[in-house]
Amino acid sequence: MNCQKFESLAADLARGEMMEVDVLSDARAHMAECSSCSLRLHDEEMLTRGLHSVAVEMNSLQASEATEQSLLASFRQHSIVVPLTPTRSYRPYWLTAVAAILLIVFGLVAVVWRSSNKPPNEIAVRPLTPQVPMEIKEGKNDVALKPSNAVNVSTQPKPKRNLSPRAVQAKNFKADKADNTVANHASNEVATDFMPLGYLNPALLQDGGQIVRVEVPRTTMASFGLPVNMDRYNERVKADVLLGVDGVPHAIRFVQDKRSQ
Amino acid sequence: MKPKTDLTDAELLRLMMSGDEESFTLLYKRRHPSIYRFALQMSGSQQVAEDVTHDVFLFLMKDGHVFDPNRGSVSSFLFGVARNYVLRRFRGDQLTVPFADGEDDEPFDQVGNEPDPLEDLTKAEMIDNVRRAVLSLPERYREVVVLCELQELSYGETAEILGCAIGTVRSRLHRARGLLLAKLRPNKEEEVLSSAVVESARCFA
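Going line by line, the protein sequences match chains A and B. When we follow our numbering, the leftmost residue of the first sequence carries the number 13, and every step to the right adds one. When we follow our numbering, the leftmost residue of the second sequence carries the number 37, and every step to the right adds one.
Chain A on its own, in the form it takes in the complex (with noise of 0.2 Å):
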């Protein structure tokens, strides 16, 4: 140990603070080394002594009697003019008022909410199996696909869980949504008949099947026959594409915006 390192620890020897057997012995065995730093030992420890003689000489002061009787009066008026005890006693009653309140409130919103959907037994009658309701014009070369929803298709059977009423009711209004959502946007557009793509077996579809948007270059419209505009032949066409379980491409239909006919 040096006289630095002693020198921070002077105080706390003096003061008989608590530190590690190690770093005392260091600082006995450097003390009896080190004059000065004894010195100085002797110094802090001398002034822990007047310290506290301080402390003890001062111990009996306390604040005189007049201090004590004009608080007292303070204490009267002020218990009298400001009744604490009141206005905080019923803070409590206030917050479970409010809380309770809050309760029916929400509770109302609930029953309103449940009696505004439809009935459980209902949703659970619902088949849960995809179909692909189409119509298959059979007697051409080319088979007509019309599905009167292209997003039930897409629907892969599943096997039944047992939900429970409000999940099966969470899990409707959801389907429900989007269901509208894409019934907007087909009424946005304009869709030719499905065109297969090869040979169509409609034995494959039963299984069901996904409808996938794409895009196509417009010129692939006229591979089926279709007229393509020559002025827009290097812009892309949308399409939907019928695959089957088996992911393979059985059908398609190109798609147009009513707004950009």
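Check before you lean on any hint, since a few could be wrong.
Think about it this way: if two alpha-carbon atoms lie no more than 25 Å apart in a straight line, the pair counts; the simulated DMTMM-like pairs of lysine to aspartate or glutamate are [to be verified]: (1) B/K219 with B/D164; (2) B/K98 with B/D87; (3) B/K40 with B/E57; (4) B/K65 with A/E69; (5) B/K98 with B/E57; (6) B/K40 with A/E80; (7) B/K40 with A/E77; (8) B/K219 with B/E188; (9) B/K98 with B/E47; (10) B/K219 with A/D243; (11) B/K98 with B/E58; (12) B/K98 with A/E80; (13) B/K219 with A/D258; (14) B/K40 with B/D104; (15) B/K219 with A/D55; (16) A/K250 with A/D269; (17) B/K38 with B/D104; (18) A/K17 with A/E29; (19) B/K219 with A/E19; (20) B/K98 with A/D243; (21) B/K40 with B/D99; (22) B/K219 with A/D24; (23) A/K17 with A/E57; (24) B/K65 with A/E77; (25) A/K270 with A/D243; (26) B/K38 with B/D56; (27) B/K65 with A/D243; (28) A/K270 with A/E247; (29) B/K65 with B/E47; (30) B/K219 with A/E69.
Calculated directly from the structure, the hints in this document are not laboratory data.
Chain A is fixed; fit chain B onto it per the hints.
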């Protein structure tokens, strides 16, 4: 139901805030001496100490609800309030702390004929000198000395009152003690030097 004298400070404060005069009296009697001494040791003036004690407890009866038991004890809270009142008094009233630095040398000059003034610190005269030396310290060092040394609070309690880290309290106390030693022993180095010369002379003798 336990007697009120056995209640903690926080319980007494709660009762006091609900208008219980006995609780106020008990709390006042329990805590006012240390607050008074703190103000006296900080200011060196009995009048200031009386005023600060009065103001602290007046504050407590009006705004005692601001005390948060999670942040410390009632005692620390009162010390903190007292400290603010003392500092406000120093700044607002332009209170001059008696015994400026220049005057400190005088009492030590008078006892300079003794071999080592620090040896007699326990004497009444030296107690007075220590008190003067404490009063001459800058505020930030003085409050640490008063709280740690004279009020004998722990570093943690002092840090709580001052609103600073324990390390800050330690370093300020270290610095304050160094200043006190310098004030109490202005000619120490010369004395050490002279004693060293004597010792060496003896060795060679």
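Q) Which numbered hints does this structure break? A) Violated: hints 10, 13, 20, 27.
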